[in-house]
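Could you build the full structure based on these sequences and the hints that come with them?
If you read the protein sequences in the order shown, they are chains F, Y, A, R, U, C, H and B.
Here the numbering used here is used: the first residue of the first sequence is 835, the next is one more, and so on.
Here the numbering used here is used: the first residue of the second sequence is 835, the next is one more, and so on.
Here the numbering used here is used: the first residue of the third sequence is 835, the next is one more, and so on.
Here the numbering used here is used: the first residue of the fourth sequence is 835, the next is one more, and so on.
Here the numbering used here is used: the first residue of the fifth sequence is 835, the next is one more, and so on.
Here the numbering used here is used: the first residue of the sixth sequence is 835, the next is one more, and so on.
Here the numbering used here is used: the first residue of the seventh sequence is 835, the next is one more, and so on.
Here the numbering used here is used: the first residue of the eighth sequence is 835, the next is one more, and so on.
All clues stand as given, with none of them false.
Residues from chain A that keep clear of chain Y, each with C-beta distances beyond 12 angstroms, as calculated: (1) Ile841; (2) Asp855; (3) Gly892; (4) Lys907; (5) Asp923; (6) Ile928; (7) Tyr934; (8) Leu965; (9) Gly992.
If we take Cβ atoms under 7 angstroms as the criterion, some of the chain H residues that face chain R in the derived model are: (10) Ile841; (11) Leu844; (12) Phe847; (13) Lys848; (14) Ile854; (15) Ala857.
Below, computed lysine to aspartate or glutamate pairings styled on EDC-like, alpha-carbon distance capped at 20 angstroms: (16) A:Lys936 - U:Glu896; (17) R:Lys903 - R:Glu891; (18) C:Lys936 - R:Glu896; (19) A:Lys936 - A:Asp923; (20) B:Lys1085 - F:Asp952; (21) Y:Lys919 - Y:Glu896; (22) F:Lys1085 - B:Asp952; (23) R:Lys1088 - U:Glu1084; (24) C:Lys954 - H:Glu1084.
None of these hints come from the bench; they were simulated from the model.
As the structure is a computational prediction, the values presented were derived from the model and not from experiment.
Positions of the beta carbon are idealized from the N, C-alpha and C atoms, including for glycine.
Number of protein chains: 8
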Amino acid sequence: MEEEKLIKLLNSFKKDEITIDNALDKLKSLPFEDLGFVKIDNHRSLRTGFPEVIYGEGKTKEQVKIIVKSMIKENNTILITRCKKEHYDEVKKIVPNCAYNKIANTIVINEKEIINTDIKVVIATGGTSDLPVAEEAYVTARAFGCNVIKLIDVGVAGIHRLLDNKELLFDANVVIAIAGMEGALPSVIGGIVSCPVIAVPTSVGYGANFQGLTPLLAMLNSCASGIAVVNIDNGFGGGFMASTIVKQIEKGRK
Amino acid sequence: MEEEKLIKLLNSFKKDEITIDNALDKLKSLPFEDLGFVKIDNHRSLRTGFPEVIYGEGKTKEQVKIIVKSMIKENNTILITRCKKEHYDEVKKIVPNCAYNKIANTIVINEKEIINTDIKVVIATGGTSDLPVAEEAYVTARAFGCNVIKLIDVGVAGIHRLLDNKELLFDANVVIAIAGMEGALPSVIGGIVSCPVIAVPTSVGYGANFQGLTPLLAMLNSCASGIAVVNIDNGFGGGFMASTIVKQIEKGRK
Amino acid sequence: MEEEKLIKLLNSFKKDEITIDNALDKLKSLPFEDLGFVKIDNHRSLRTGFPEVIYGEGKTKEQVKIIVKSMIKENNTILITRCKKEHYDEVKKIVPNCAYNKIANTIVINEKEIINTDIKVVIATGGTSDLPVAEEAYVTARAFGCNVIKLIDVGVAGIHRLLDNKELLFDANVVIAIAGMEGALPSVIGGIVSCPVIAVPTSVGYGANFQGLTPLLAMLNSCASGIAVVNIDNGFGGGFMASTIVKQIEKGRK
Amino acid sequence: MEEEKLIKLLNSFKKDEITIDNALDKLKSLPFEDLGFVKIDNHRSLRTGFPEVIYGEGKTKEQVKIIVKSMIKENNTILITRCKKEHYDEVKKIVPNCAYNKIANTIVINEKEIINTDIKVVIATGGTSDLPVAEEAYVTARAFGCNVIKLIDVGVAGIHRLLDNKELLFDANVVIAIAGMEGALPSVIGGIVSCPVIAVPTSVGYGANFQGLTPLLAMLNSCASGIAVVNIDNGFGGGFMASTIVKQIEKGRK
Amino acid sequence: MEEEKLIKLLNSFKKDEITIDNALDKLKSLPFEDLGFVKIDNHRSLRTGFPEVIYGEGKTKEQVKIIVKSMIKENNTILITRCKKEHYDEVKKIVPNCAYNKIANTIVINEKEIINTDIKVVIATGGTSDLPVAEEAYVTARAFGCNVIKLIDVGVAGIHRLLDNKELLFDANVVIAIAGMEGALPSVIGGIVSCPVIAVPTSVGYGANFQGLTPLLAMLNSCASGIAVVNIDNGFGGGFMASTIVKQIEKGRK
Amino acid sequence: MEEEKLIKLLNSFKKDEITIDNALDKLKSLPFEDLGFVKIDNHRSLRTGFPEVIYGEGKTKEQVKIIVKSMIKENNTILITRCKKEHYDEVKKIVPNCAYNKIANTIVINEKEIINTDIKVVIATGGTSDLPVAEEAYVTARAFGCNVIKLIDVGVAGIHRLLDNKELLFDANVVIAIAGMEGALPSVIGGIVSCPVIAVPTSVGYGANFQGLTPLLAMLNSCASGIAVVNIDNGFGGGFMASTIVKQIEKGRK
Amino acid sequence: MEEEKLIKLLNSFKKDEITIDNALDKLKSLPFEDLGFVKIDNHRSLRTGFPEVIYGEGKTKEQVKIIVKSMIKENNTILITRCKKEHYDEVKKIVPNCAYNKIANTIVINEKEIINTDIKVVIATGGTSDLPVAEEAYVTARAFGCNVIKLIDVGVAGIHRLLDNKELLFDANVVIAIAGMEGALPSVIGGIVSCPVIAVPTSVGYGANFQGLTPLLAMLNSCASGIAVVNIDNGFGGGFMASTIVKQIEKGRK
Amino acid sequence: MEEEKLIKLLNSFKKDEITIDNALDKLKSLPFEDLGFVKIDNHRSLRTGFPEVIYGEGKTKEQVKIIVKSMIKENNTILITRCKKEHYDEVKKIVPNCAYNKIANTIVINEKEIINTDIKVVIATGGTSDLPVAEEAYVTARAFGCNVIKLIDVGVAGIHRLLDNKELLFDANVVIAIAGMEGALPSVIGGIVSCPVIAVPTSVGYGANFQGLTPLLAMLNSCASGIAVVNIDNGFGGGFMASTIVKQIEKGRK
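Right under this line is the structure:
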């Protein structure tokens, strides 16, 4: 690729085919990627082991298939979020053993192995209605090679359900706390654990919930520390953020 | 008062001093209060035993003194909220033994006796910064004759502080749950107790707290049941609402 | 259940099968419910006589049936809110005499008897469009054993309609005031009665009503005292809150 | 003024000094005011008899004095709103008998006589804190020659205070209803009277009142008809709107 | 009706059948309408000549028919707003000559004659998309007996379209200015005319228009005076408000 | 600067002091600015002739002086916005002939000459209160070498004031339309002119103006085309945007 | 048209058929357009070469056809935005060679030639989902005769994609930067180029994006200068604004 | 402490001093802390090595001194945020060598040693005005023992300033990205790095910035992945969140 161009340019200068001024001018006008910037970018993808991600919403099944085709290489992981059964039907024509999760609305191709089973991501939800968001977070973190444990329906209205699982929470390296309604779950968890808590507000609720704005604001204002928030219903964002932390822990071990 | 007018009118008709049409016309044109409406209103005040309340904010010390003077009768209770030291200095000139609470910013004249000590109002706050609101609620409910217990700084970030007091909460007839930040306290309390919970959001917080809007919305969206909400920082409203419930319990006993 | 575990543990210690340290360790690591916390929770349900509640929205008819099946015990009351005819058709297969209210969108199984007919809950609405919310409040409070009287279409634009019913309002122990549009009803009622008023804003209105935000804000800012507010369209919340107050009055009598 | 120009142009054309094309071009390029548009504008001011108005806020005392000087003609009325004592001190140097209202923060020069005392504007306020806005409305409507009656502190929390004055309300040609808090007053008045009601929300309130946004929204959503709303705290706007209606009634008589 | 009750009571007292105390008690407990309050209310309807209004939205065709049936008396005017063709089909079965306006979505029964053709209501709209709101305002004011002139599509983006009609605007007694988008029309009209201007914001627009919130706020903040605002898309409110002003002008003539 | 590094590197390769791989590696790891990126950036500043800008708000007088010192080169233009008299006193110690504008709160050092007087920027404001924003826009555009004409107080409430200046507007190459209140000015101007209109909302207004949010929304929703909006009170932004357009016109001529 | 009227009037005066006073009166009462105002307006359209624009949304296919018919003259350009296939089917019956763009939802009749190919408008979008808005901007600017280059999917999450095209950006005379999500694209572009940047926020996003409100606010608050913003999803507005700038550059050359 | 109670209870049972039922009852009624819950809580603090934190805002200097006194043990770290010089003057009386940071408004007592210098936290800010928030984040993370590198004023308006530091960013384990205005910095950084990015919006900005709401929303909607957000101006929150991640990396190594 771009290396040839550079080699050619350097050799031309060496052979006095071009002057020093010519060489300088050409070097300056080369786009960044010519100098490896994009390569670094590619390296990042290879090095970190993050799978490719396709955001399915608003894309036709044909578009998704074309993107998958261009992306697929030997055994690399691909995650498609916010997709539907019709996308799955199309994708499995070219990747028969891809996995469709109809609650999370995701397709996963070549899910990664869990490398370090002792690094644990716990996903806790306030209610059963938060399940689709929790599943999206689960599939994402799992596709990225994380060891994920789910703790569904442990909302604060029945605080003992959460406290009964305190050992599990104490053991986590990252907690993804997902809740709608008043969004109090991350605060209570944040008061119990010492690991980072990623809060995901959901649009579950009615009346003055305003499609998740209420739990979003509540989570940002948490009286507990060690909590950071992603967008409403953004299970993928929560799962991805957790994965970046897990990667740092893995990296730290090496 | 107005009864004389009515008696006079009825007797005039009986003595044929006025015709039936005259009597009808006069009855119809009498203002409502002439027919006991205001009396009922007064009765309500006497019967329910609610003290008179003066909202001090925006009133000069002279204005407050004039209102107190016109209100004061033998041993009746008067509560002045949102007032300052300067109001107190003026009021104590005419009611020397009135009580000023500088945290709650209230003056109480002739506080009521607690009639039923077994009817308990518990005031719980998320943090120490919620204290001014809690004190306003305390003074109000106490001035109305309620037996009030305070539970300060039991916010959800350290859930054990709250759980340590669960007996006290189980024993309450009404709980006033006061919190700023993310406003999760009423939800957790509402999940534990079976008595009515009055939630008071406070403007304690910063950033995206929006002067108490965040805990207000959170409390309205509580996933626990048996919770109703008053205005931001409205300690008086919380204390008054609790008092109306206590009065119903007392009334129910008679 | 858990008691056996505890008895076994205590007896093991007594018989010197385990040391004092072992006993301590095991006691500490027992989940809370093992120590009666959940039992207390169950006690609460039994003691207070609150029925079980299922929030129907977003649940399939199969899910609702499974939950009902697992909940149903001899003669206990179950309330299902925000459900549809299709849920009813499924539920009545297993509980033939359950009652479906198509305006309130509720199913009630084994409605409670009214114990104290002299404790009165009055539900007042601003208009006829508030009826679905009023019915949800009615069914809820009624299912919980309250004596409920409805007062429909007494909004403030024709103040005499409300004033004509003042005796009924004076007689109430709790008033649930339901209104959309500008939400002024609770203020006017709050100025007349001395009992607690639970305000329920509805999403009835258009233009700058913002799906009930306007009456919600208006109710929170009421110039009358003794008013607390639940979420928009939350008839269940209003009915439940009223029930907790009625339970306290009943409890106070014993 | 501009007429001469036109006459000159027409005569030039008549005398063949300019061609038809020249005449057309010149006519087209004359500014609008040359054609009497501004004159009509001045006529409007004279014909309608509206006083000149100066918005004092943000203007220095010198600026206000200069404007007054340039405006003052024989006996014309001038209204200065949102001004302070220091403006008054300066203005009275040049107009010694001007009237300063320290509650309304207004100065009036040459107040108009009330022409038709049987056309009545009633100003009703919810509380005493709404007084500054009410006074601004009063001074404005009065300065414009309206017959204005004030009805202070008749808010809906004590509905009988308002109903006691129903005769006065029935008699009004326009009502200006001023309220903060939940802003319910215009709705109740609108349900009683048949004349136009101008609603003025005030920033009186706290917590979720949002500087008058709550009563503003409530008034816009009134369930009563015949109500229109002006800006928050805009007493001048309410008084001016009432005056335009009174002028139409007066005009209709001629 | 209620008069008989009163006469009976007064006569009973006269004949000594009841004591003075009995008489007083009974008088006090009579509902307000017994004392003519509701009659005054009815008088108001008769006196002012306002037609009966039914808000059709959310009502079934059967409900509308029943209400019409109970309302209809000889030649009285009835206005049904926000209704559909199906309502019309049902209503015309009982009132064959009722008039359906499919743009305004209104039905009118027995439209009033225009009494004073020289009292003029002008309805101006910013664009053609504001037409449904304008028609609702037109039908309302017209049904109430007003003489109404429409001026469609005279928005400020082409200011000459408005200025071309300035004579018509100068001649108006009331202007209803209807606009979406940025809602500037009432400001420009308010700067030209001296009669009252009723501003009606519409939800016409997109992006940051927020369903009419933008023109609503703009109209409330108008730099011109003599403007008051009704709710978004509330053509009926605008037409009704205009009618109350016209009634006052008519009344003033008598 | 960086050129030497490059020359050295190229020559080292030519002399075989480093291998082709070494050369490639070094080229790739050079920071971007080494390759002229920053130089291009500097070129941009020189080429476009934009002055340096310092945002004064929140900076101490010492900080401003230090920045000016480091920036000042022979005859280059520097603009300091949102500064105070105390900044000026400090700056003039090092640049005695700098110009302070106390309405705009700006300091200008070495104002540019106007190159093309036939390219005209017209600044129009709704009222006199918008003057500080207008002056900031004026000083900015003027400092950048634009020919700027001011048109103050031509708001839409008196539309003739604007129309009287239509020739001036027709003649403009760019119009900066500045308004608070309802922000209608850009719409009316946009309907008259065919050149680009930059709309600047100001925080002038009260009540539901919300510190300029109302005119901001109104301007974004303008029914006229050819309008784009900058931030509230952002006179600098308006002036800068106008300057970029003027530069393009100038550039187009060359 | 109106010229005849004027000529007739002037000649009547010349022939003494009317007096000077009659002539003056008639001239003053002529509507503005009679005096060339509308002609100026028409001139503007002819001079600037802006095509006629029809906003299709909410218009039936018949309505659009009628408007096109009345507008179409020899070879003039017409742009129809926010239309559907059904509009196209109808329009092509009368203008067979009109061009329909199904992504932009536009129809163009008689697209203009590009006059100055060296004046370049660059349209950059953050993602592929912004394409419909970008196409609307493209079609608009292109229909107005601009030379437009598209740069799709160069969002800030992969900054090198944008930097790779910096030459193209440096070369632009106007940039239209279109982005949803967090709307950061215009800031980054504004930091690179020196030409005017028109920012178009799109409603692409979810959760707390609020239908484009987030990128709208972000763009208004850009830390880069030389950026002005149009309404959400307003591709037409962006394209039109760019065209007005291009016209000024073209005009400047003459 | 509580262990004795338990031992006593168990032994009492062993010695048959109490029955099995008594033992069960007592065990059930023991507060949670009796079972080590609070101890675990204390353990957490010791184990994780998090310093004690005092939120200084709203606390008097006396209150802060009392809290410090009760907290201080041998060599433990204490962090006081949002405090003033007067707090520092008081605190240093009892802890002479505490460190006050007047930009961050923090006091640190016994700052921790950096254990792992190869785990790097990078703090990047958009502008110099974000410095107070950045310093608070710095002091927090540093007090918790993290190795922190600052990168000030690398905002997106001059993208090369950021790109020049890409090596430093590639090397980070956590990035704290702090920005006001449009809040685009985290998006650009998130597109470059693969480690977790904690976004901190600041209230730096004006106009439609709304005290940091704009960058808050922008950051939540970032098109880049691996970003989570804390509250506006919450430097402490950002620093704390980073520390929890660093602790997990450190823990993972053991």
